[in-house]
Structures are given as structure tokens and as C-alpha cells.
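Protein chains in written order, with our numbering: chain A, 3 to 607; chain B, 40 to 290.
Simulated from the structure, these hints should not be mistaken for laboratory data. Please read all numbers here as calculations on a predicted model, not as lab measurements. Take these hints with a grain of salt, some might be off.
Said to hold, decoys possible - What follows is a set of in silico ranges between Cβ atoms, one per label pair, in the way DEER data are often shown:
1) A/V373 with B/Q62: 33 to 39 Å
2) B/D259 with A/T113: 25 to 31 Å
3) A/S469 with B/H201: 42 to 48 Å
To be verified - Residues from chain B that keep clear of chain A, each with C-beta distances beyond 12 Å, as calculated:
4) T45
5) N105
6) M107
7) H195
8) L202
9) K249
10) H256
11) P276
Just so it is clear, CB atoms sit at the ideal spot from N, CA and C, and this is done for glycine as well.
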Amino acid sequence: MVQYDTHEHDVLVIGAGGAGLRAAIEASAHGAKVGLICKSLLGKAHTVMAEGGVAAAMANVDERDNWRVHFADTMRGGQYVNNWRMAELHAKEAPDRVRELEAWGAVFDRTRDGRILQRNFGGHRYPRLAHVGDRTGLEMIRTLQDRGIHQGIDVFMEFTVIGLIKDGARVSGAFGYDRERGLFHLFRAKAVVIATGGIGRAYKITSNSWEYTGDGDAMAYDVGADLMDMEFVQFHPTGMVWPLSVAGILVTEAVRGEGGILVNKEGRRFMFDDIPENYRAQTADNEEEGWRYTQGDKNARRPPELLTRDHVARCIVREIKAGRGSPHGGVFLDIAWIKKKIPNAEQHIKEKLPSMYHQFLKLADVDITKVPMEVGPTTHYMMGGIRVDGDTQMSSVPGLFAAGEAAAGLHGANRLGGNSLSDLLVFGKRAGEYAAKFAKENGPVAIDQAQVEALAQRALAPLENTSSNGESPYQIQKELQTHMQDLVGIVRREEEMQRALEVIAQLKERAKNTRVEGNRMYNAGWHTAIDLHNLLTVSEAITRAALVRKESRGAHFREDYPNKDTSLGGFNVILRKTAEGMRVSMEPLREMPAELKQIIEEQQK
Amino acid sequence: MSSTATFRIWRGDANGGQFRDYQARIDEGMVVLDAVHQIQAEQAPDMAVRWNCKAGKCGSCSSEINGMPKLMCMTRLSDLPLDQPITVEPMHTFPLIKDLVTDVSWNFRAKKKLKPFNPRRPDAPDGSWRMAQRDIERIQEFRKCIECFLCQDVCHVLREHHLEDQFIGPRLFVFTAALEMHPLDTENRLPNLRKLDGIGYCNITKCCTKVCPEEIHITDNAIIPLKERVVDQFFDPITRIINAVTGGDKR
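My request is simple: use the sequences and hints to build the entire structure.
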């Protein structure tokens with residue numbers, strides 16, 4: 003029998019980025035005994051990388067802003083397949099969640115009259131992103147972390163969950179290991195919140211770190227929870243492309259918010275060449291107007307560089323494919339040009355974009371105050387994930403909740419920049435609150451030993467494999483990333499995705515034969531082998547969902563179905579585990595209440 | 040274009056270990072972390088290394104490269120003498136777990152003991168406050184800290200003397216300064232700074248400032264002003280008389 007330590011909690015939160023921390027703080031505030039598992043050290047999760055800001059209609063900079071506009075912007079950006087209830091709650095509650103951070107010590111940049119400053123961002127009608135230079139995520143995660151450590155939460159740093167345990171229909175805990183010694187741990191809990199973030203490591207070019215292997219999505223799927231919208235993977239338009247070793251690292255949208263422009267090698271500002279119909283009324287039709295918008299002119303419309311991320315990414319791909327790209331296979335992003343417009347431009351750029359200045363100078367020998375950057379799309383964010391109830395964030399498995407990037411619904415087919423930091427606050431809080439409530443209202447849970455044994459055996463297999471032709475987990479991961487990038491990337495086609503399914507099936511077989519050297523102590527090879535199961539699960543889910551959505555919508559672009567199909571606009575793609583494998587179905591969206599429809603109508607103008 | 044270089048990496052755990060040499064292929068723009076990853080994927084699959092963002096924003100990949108405390112992800116190979124072996128070893132100050140990974144949990148425990156943020160009542164009915172940008176700029180510098188703990192690693196009070204029980208180290212002085220100088224905070228941390236946190240042990244050699252990847256002026260902007268406040272409160276004769284009469288004041 004497998005050996006392990008047992009930990010008991012009312013609420014177990016898996017993942018300690020913004021959503022997990024916020025959920026843990028809330029559950030604890032509701033009297034629950036809370037455990038918080040982080041795959042890395044506390045405060046290192048991907049929230050720390052978020053740069054531009056947190057979207058909340060506080061109307062500190064433009065009094066015309068309110069939750070209705072934010073709601074309509076989010077729905078438009080998501081191409082109306084969003085969970086409208088989540089979009090509504092998010093728009094209404096984000097301002098309070100941001101002000102709450104200030105009460106916990108966050109120090110946002112200020113307006114002239116001393117309130118929280120807000121900046122422009124793609125797809126947001128008014129300046130809406132509360133920020134701290136271009137390191138907003140660091141400010142947020144540190145604030146939540148420093149608040150959380152005084153809440154009596156048990157923090158398990160550098161622990162990884164292998165899988166969830168169920169007691170009948172209900173979730174009863176999680177089984178995992180500590181990285182340091184490689185020992186097993188069983189977490190028994192009345193409610194579990196998944197806040198494990200994204201799936202970026204399924205792709206070769208990504209802004210995500212090693213942690214983002216779709217753990218939460220896969221473990222929820224494995225115990226019967228529905229996954230939704232997995233075809234909607236956000237490729238952020240601006241990642242670094244050179245040097246190769248930093249390819250994929252994010253270049254914040256705030257560069258464009260502050261006036262940065264996208265230019266091809268012919269010097270043409272190509273974003274003016276293709277402005278989608280549903281954004282035409284809101285988009286500047288000349289460079290001068292676009293510039294005035296970035297400088298706060300309320301009568302000006304936004305420059306096309308600030309169109310939604312899916313569109314900007316595709317325009318960049320078009321330029322590169324047409325041979326108009328930059329020397330290292332990207333396009334140019336130029337902020338230095340603003341020196342023609344304002345005095346002290348160099349100083350201004352360093353103040354507004356300090357971490358971008360630092361990042362390019364240190365990693366690429368590029369001084370962004372003097373010359374343009376080279377950028378190209380990078381895998382950034384999973385709009386899909388675990389299907390949840392909009393109010394409570396509970397999944398289709400009783401007692402299993404999800405929040406933040408791991409949950410689906412808020413962002414629909416494309417997420418607006420800034421809406422993820424507000425997402426994790428609003429729905430982290432809700433998940434924590436309702437998980438605590440669920441734990442209070444439902445009795446104790448039992449642990450099924452057979453499930454624990456099965457997870458332990460799966461985890462130990464690569465260490466116990468003595469086969470001389472055992473596979474390297476690094477090699478399998480690399481091949482998966484290459485194929486997902488090539489076959490299920492920004493531009494998708496039926497045959498290529500069918501090919502991807504074959505490759506995934508082969509890699510699944512090979513993954514069963516991974517072999518790792520060394521012992522269980524802090525063994526990176528072993529951890530990579532364990533994570534493969536999750537990466538392969540989410541890769542299959544992405545591919546299967548992308549195959550059935552035979553249209554182009556938001557981040558999902560199909561060369562063989564290049565247009566939006568209005569008949570598909572009323573459906574989400576749902577993935578569920580069955581005895582025969584992954585089942586894909588199209589399920590209709592819930593009917594939107596009349597008052598929300600009316601808001602969308604009004605905001606079309 | 041491609042050439043190779045030797046990386047002399049510490050392999051071992053709390054029971055001991057040694058440097059081992061590995062060859063890595065070198066390409067334009069590479070950083071030390073890239074070489075370590077390449078070696079891990081191809082030659083040493085069980086090698087332990089911490090990393091996350093790969094862009095100097097998370098502070099996970101702290102190590103000592105050719106003897107200097109640095110982030111592996113921000114150390115370009117083109118800045119190192121590649122004709123000699125590049126040594127990569129774990130931070131010395133913290134207990135070794137394995138290879139390049141150390142046990143930095145003391146930093147988290149020590150932080151938890153410090154008095155948290157305690158704001159004055161909100162200025163507006165919606166629960167918000169008014170602060171001028173110029174009044175928050177100095178603490179925004181401190182809040183840039185990515186908790187890489189390189190400053191803790193290099194500080195001799197911790198590195199040589201291991202006074203972890205009596206001294207919180209530069210990172211946590213920066214943290215305390217951010218709270219003490221926060222325009223909304225009402226707490227007084229000066230008695231603790233003097234007695235529990237051991238600010239007197241710092242003799243301002245500025246080693247911490249030199250290694251800070253965020254270029255925070257740790258000594259000049261955080262530690263020295265805190266020292267001055269402690270001196271003002273506890274050692275200035277006039278303040279002592281006023282404090283004795285009024286029952287003390289925050290600043």
C-alpha cells in the first residue's frame with residue numbers, strides 16, 4: 003500500500019495565483035479551514051507576469067464608463083458566446099474588488115486628484131485598467147499574498163496535485179506530492195477550488211512558464227467535470243521573437259495603450275488595412291485621431307492597434323506570411339516614435355513601461371525608447387476550461403469549484419486585456435465564498451483508497467520503468483508542443499487537426515513508457531513525466547473542440563471556414579469523459595435576459 | 040554560429056555534492072537558464088532548478104553565477120567569459136535542498152511575523168482613498184521587489200553570521216519600509232525594527248543594493264531612512280522627552 007501524509011480541510015484551493023489566493027482569503031473569512039496548494043513558491047504564479055492592468059469600470063478617468071459598458075465590451079470581445087451571467091457579475095463587482103485591494107495595501111498609480119488611475123486597453127471603450135506601471139500583476143499577487151498569510155491559511159509551497167478523489171458523485175479531496183522530497187500527500191476536503199491557471203505549455207511559443215500544463219482542467223475532466231470552450235486559445239499578438247531563447251515572452255498591450263504602433267518592414271501601419279465591421283464605428287480612421295485617443299482625448303476613437311487580441315494577432319500573421327515581416331519573423335512594435343509627438347518621450351516611456359524597457363534592454367539589447375521592438379504572436383491564455391455555474395463557480399461535479407483561467411465562460415471566444423486580473427478577483431472571491439458555504443452545508447467525506455492507489459501508481463510508473471527503450475518525458479513534451487503549434491495554432495484546418503489527433507494518440511501511448519532517472523527528491527524529469535498526462539488531455543480537448551467548431555470566431559480561426567456562422571453563435575462546445583473516450587457535444591447557450599440584451603443593443607452605437 | 044561552453048554546476052543535496060562539468064551549445068541571445076535547461080533536458084534530467092517567468096519578474100531562479108548572486112534568466116551568456124567554465128551554484132545562505140534549489144522558506148516565515156498593513160479610515164464613502172502620485176512613488180520603488188532573496192543571500196549578517204532569529208534581512212527591511220512609508224498606514228513598526236528585526240546589525244555595506252535585479256536602492260532609500268526613524272524615536276533626547284510626555288508618536 004502506498005504511503006502518504008493526510009491533511010484535513012474544509013476547503014482545499016489548488017493553485018496560488020490571484021484566483022487561488024483570493025478564493026483562499028474569502029473561504030477563510032467565511033470561517034472555513036483552508037488549505038492552499040502552490041506548484042511553485044508563494045507569489046511566483048503567473049499572475050506576477052500580468053503587466054497592463056486590472057479592468058474595472060470605476061470611471062475615475064472617464065465619467066462615461068459604467069458596468070453596462072464594461073459588460074457590453076466583454077460580450078463583444080467574446081463574440082457573444084460568453085456566459086452572460088459571469089460577464090454581468092464581473093462588470094458589476096470588479097470595481098469593489100479593486101478598491102478592496104487598495105484597502106489591503108496595493109498602491110496603484112494615481113490620477114491628478116488622487117484616485118486610482120486607469121489606462122486604455124484593447125477592446126475597452128474607455129480608459130478602464132487600474133495599473134501600476136507595467137507590473138500590475140506583481141502588485142496584485144503580492145497584496146493578496148501578504149493579506150493571505152495573516153488569514154490562518156495552511157500554505158503548501160511546491161506541492162503538486164496529481165488528481166482528485168471522489169466520494170460518490172461528490173469531490174472529497176486531492177492527491178499529490180511535495181516537490182522537495184517527492185513524498186505523497188492526501189488532502190481530504192469537503193470542497194475543492196481549482197485555480198490552476200492555463201495550458202500554455204501545450205504550445206512551443208508561449209508566454210507561460212513550466213507550471214501551466216492544464217493540471218486543473220485535466221484533473222476536473224478526469225473526475226467527470228465538463229470542459230467548455232477549449233477551442234478558444236488566446237494567442238497574444240505581441241510576444242518577443244528574438245533572441246530565440248526568449249521567444250514568446252510577453253510584450254504588454256500597454257505599449258499600444260501608451261501610443262505604440264505596429265509597422266511592417268515597408269514602414270506601413272498595417273492595422274489600418276483591416277478593421278472589422280463590428281468595431282468600425284469605434285475605431286479611428288486616421289493616425290492623428292488614434293494618437294489623440296491614446297493621449298486621453300475623449301472625442302477621439304481608438305487606434306486599430308487596440309482592436310481585440312485575436313484580430314491583431316491574425317493581422318500580424320498575415321503580414322509575416324506575406325513576406326512583410328521583420329528580420330526575425332515578427333513585425334515592428336514602435337513606441338519610440340512618440341518622441342515626434344511629446345517632449346521627454348524617453349523619460350515618459352521609462353516611467354510608463356519600466357519593465358518593458360528593462361526586459362528588452364537586458365534580454366535583447368534593444369532600447370525601446372530609441373528603436374522599435376520585434377514582436378509576434380505567443381500562446382497566452384485559455385478562454386475555455388472547467389464549465390461552472392456563473393454565480394457560485396461550481397462545476398458539474400458537486401463540491402468542485404473553479405476560478406480564474408481554469409474556469410470557462412467569462413471571456414467567450416476572446417478575452418479582453420485586463421479582464422483576467424478582474425476575473426480572478428471577482429470569481430476567486432465567489433468561488434471561495436460558495437466553496438466555504440458548500441463545506442458548511444455538506445457533511446464529511448470519505449476517501450476511496452482504490453482511487454488513491456491508482457493515482458499513486460500512475461505517478462510512480464516513470465520511476466519504476468526499467469525498460470531500456472523508456473522515453474524521455476522532455477522529448478515527448480517537446481514533440482507535443484511542436485505539433486500543437488504547427489497543427490492547432492492560430493490558423494487551423496481540418497486535415498491538420500485530424501493529424502494532430504493522431505499524433506496526440508501516439509504520444510499518449512509513448513507517455514505510458516516514459517522513464518525517468520534518479521530518485522523522488524526534487525526531480526524535474528519526474529515532474530515533467532507526471533504533467534504529461536494533463537498536457538495530453540488538454541491538447542486533445544483543444545483539438546476536438548476546434549474540429550467541431552466549423553467557423554471562425556474570436557481566437558478560433560479556421561482557414562477552411564473563414565467566416566462566422568451565426569447558427570453556431572448560440573452554442574458552446576462541451577467535452578466530457580466517457581468510457582469510450584472524450585465526448586464532444588454542442589450545447590445551446592442559456593437565453594439572455596431582456597435587460598442585458600438591451601444593454602448590448604444600446605452599446606452598439 | 041553555434042559553439043559550446045562548459046558549465047560547472049553544483050550537483051548534490053544536504054548530505055554533500057560536487058561540481059560537475061557539462062557542455063552546452065551556445066546560441067545568440069542565450070541566458071544561463073537556457074543552458075541549464077538544455078543540460079537538464081539532454082544530460083541531467085533529474086537536475087533540480089527553480090524557475091518560472093524567464094523574464095526577471097518572478098524572482099525564482101536565483102543562484103550564484105561565477106560567484107555573483109544573480110537571476111539565471113537575466114544573465115546573458117554574452118556577458119560572461121565563455122572561454123572558461125561558468126560556475127553555477129545554489130545560493131549559499133539558505134539550506135540546500137538539491138542541486139540549484141535551496142530552502143528559502145525562512146523568508147516567508149519571517150515575513151509572517153511582521154505587522155501587516157493597517158490603513159486609516161477611507162477618505163470617501165465608496166471605501167476609497169486619495170493619494171498623490173508623488174507621495175507613493177518612493178514606496179512603489181520598494182514594491183517592485185520580486186522576492187528573489189538575492190539581497191538576503193549576499194547579506195553578511197545572514198550569510199556569515201546566520202542571525203536569522205534576530206535579523207530580518209534587506210528584503211524584509213524593504214518590505215517594512217513600504218509599509219512604514221505607505222501614506223495610509225497607521226501602524227508603528229519602529230520598536231520591532233529595533234528590537235526584534237535587528238536593523239542595528241546592518242552596517243550599510245550596500246551589498247544588497249548591488250545585487251538587486253530590480254535596482255531598488257535598498258540601503259539608501261529603505262534601510263537608512265528606517266534607521267534614522269529608529270534613532271529619532273529612541274535615541275533623540277528631545278523626542279524621548281516628548282514621547283515620555285505624550286505617550287509616543289508614530290514618527
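Status of each hint after checking the structure:
| no. | hint | verdict |
| --- | --- | --- |
| 1 | A/V373 with B/Q62: 33 to 39 Å | 35 Å, holds |
| 2 | B/D259 with A/T113: 25 to 31 Å | 29 Å, holds |
| 3 | A/S469 with B/H201: 42 to 48 Å | 47 Å, holds |
| 4 | T45 | 18 Å, holds |
| 5 | N105 | 17 Å, holds |
| 6 | M107 | 15 Å, holds |
| 7 | H195 | 24 Å, holds |
| 8 | L202 | 23 Å, holds |
| 9 | K249 | 16 Å, holds |
| 10 | H256 | 15 Å, holds |
| 11 | P276 | 34 Å, holds |
Checked against the numbered hints listed earlier, the structure breaks none of them; every hint is satisfied.
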